[in-house]
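For reference, the chains in residue letters:
Number of protein chains: 2
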Amino acid sequence: LNEDRLIAELRARLRGVDGTRLALGIGDDAAAWQPSRSNRSVITTDALVENVHFRRDLMPAQAIGHRALAANLSDIAAMGARPVLATIALGIPPDVAAEWVADCYDGIAALATSARCAIAGGDITRAAELVFAITVVGEVRPSNLKTRAGARPGDVIAVTGPLGASRAGLRIALERPDLRAGGAACREALRAFSMPVPRLRDGRWLGGSRHVRAMMDTSDGLSTDLARLCAASGVGARIDAIPIAPAAADVAALTGDDAEAWALDGGEDFELLAAIERRAFPHLAVRFRAHTGRDLIAVGEIVAGEGVRRADGSVVPARGWDHLGA
Amino acid sequence: LNEDRLIAELRARLRGVDGTRLALGIGDDAAAWQPSRSNRSVITTDALVENVHFRRDLMPAQAIGHRALAANLSDIAAMGARPVLATIALGIPPDVAAEWVADCYDGIAALATSARCAIAGGDITRAAELVFAITVVGEVRPSNLKTRAGARPGDVIAVTGPLGASRAGLRIALERPDLRAGGAACREALRAFSMPVPRLRDGRWLGGSRHVRAMMDTSDGLSTDLARLCAASGVGARIDAIPIAPAAADVAALTGDDAEAWALDGGEDFELLAAIERRAFPHLAVRFRAHTGRDLIAVGEIVAGEGVRRADGSVVPARGWDHLGA
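Residue numbers (my numbering), protein chains in the order written: chain A, 1 to 326; chain B, 1 to 326.
One chain only, chain A, in its complex shape:
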């Protein structure tokens, strides 16, 4: 592998990605763009490490590239913003061929194209293990910017889709190869796991509503992420109903697992989690359905105090993803 030659190949793979927002693209010391005058800029970085966040034997290179960018786009969606550009830092171990890296970039390029996110550049280096660090810059009207803070007691806690399908797909990929060619639920779970869809359209739409008081994504699991939203807002939460993805329920029935635990703690569903003014919620949910074709699902209520509890008062521990955990 030679750096300049590999970069030339990767630039070729990115050729279909719209770079019109860039004043200067890949190949210089930095990339340049003209930010929109009336908007705030937002920025997020996610690192993905082989054998921590993904395994090469569980999915094709394209899916690994897709997921790496999707995790960042989900953060942009959670701010109510739209993506503008991404940079990609990539550490490549000696046993990874240039062809694998190029296929991975095909996955990145396909998602970047559909998300209208330019690829502005990055850095490629030798490493002992495969590592991605992707940074995405986005833009949002100042009045539409949503954060984790702002939830108030009485707000409806809602998610943009049912949860647990990605965790169900991980279960199949890791431990039940016999189900890989299983029925529709297994295929859907594997798809949710390997090709998650960042909720960019949902995020922009929810960002446009002044009734949405706080928003984040559920990448680390509802239990962990709701606790973070509560901590940022200085409130607590009561979970009344955990929306389980039908594919997760079906797979759990096959494997004997607890689908509710997957939905609560599984993570990587990349649905958005929002605190919404109670009186506005019913109408907002109807308009959300008309706009996206999917349901805005109420899962509980923001309450005074701190911590996340179930309706029966039992504490919900944050069992989701700790990036430094075992």
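FYI, nobody ran anything at the bench for these hints, they're computed from the structure.
Glycine included, each C-beta is placed from N, C-alpha and C at the ideal position.
Hints are all accurate, no fakes.
Over the 12 Å line for every Cβ pair with chain A, so calculated as not near, a few chain B residues: (1) Thr20; (2) Glu277; (3) Arg287.
Simulated restraints, written as ranges between beta carbons of each label pair: (4) Asn51/B with Asp57/A: 22 to 32 Å; (5) Ser314/A with Arg116/B: 43 to 53 Å; (6) Arg152/B with Pro93/A: 36 to 46 Å; (7) Gly16/A with Ala253/B: 51 to 61 Å; (8) Thr255/A with Pro94/B: 24 to 34 Å; (9) Asp18/B with Gly16/A: 34 to 44 Å; (10) Arg279/B with Arg56/A: 53 to 63 Å; (11) Arg56/A with Thr292/B: 41 to 51 Å; (12) Ala12/B with Gly183/A: 48 to 58 Å; (13) Gly313/A with Asn51/B: 49 to 59 Å; (14) Asp18/B with Pro93/A: 35 to 45 Å; (15) Pro60/A with Thr255/B: 41 to 51 Å.
The hints should help you fit chain B onto chain A, whose structure is shown.
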């Protein structure tokens, strides 16, 4: 190590860094800022991997943090821009203590403060080896933005300082521990290696001159970087004189090495490399010295054709840093 607790500790270490440009800082799904209305934004990403780019046994944690940010700031300087904010993705192996990471952030914080670069957030994860991927966003007046393209035959090739001191410091750190407590030249070389100074002020000043036609930094070595500038500009170059840092010459005299090779191929000096209109060069160099107190050093001339040669016509091979090399 617990992610939320470590992030709280690192936020504390960054407390002195000016974050006034940020509308929203560390701790949400993304950070937000208001870009300057009259400027272009620029973005650069650099990955640093343990045992590829640095070794923990060769320098303190603060210096490793400093260098990681310095490499990115040097790229911002090379565009004629000023830094606005940085994000930090960090992979931490199990044998690295939270205290080491915190010390490393002290080094990042000190340089960020002096460069007026906010730390906007990032991502921390478990990894098999220590990895940094830092992204810096900067701003520049559109007319001041410099790229690698634009050099024309006849231009003077100049650097913002003599070269090779960082490579001399690496030699001592790696192979001559007996010289670590050596004389002034050894200390200066070690300092150039462990605490390089990104030429932000020089870059902004040179960016303001319309006589500077192309610019980049010399992070991968003059031979490699000049070849890249030439390729981007569609020209060749003739090197007439290689400016050797006095510390590099003195250390090479002690170790029996070739100081000129260090200056030509060593890299990590983070000086800026510019192609400057010939008739403007003498006056520009005088003004540069008045502004910075240092010399703008002519190293050769841009010529028609391609490739980099010496005055005697011999080819200068690009022996600098290939990030995927052995």
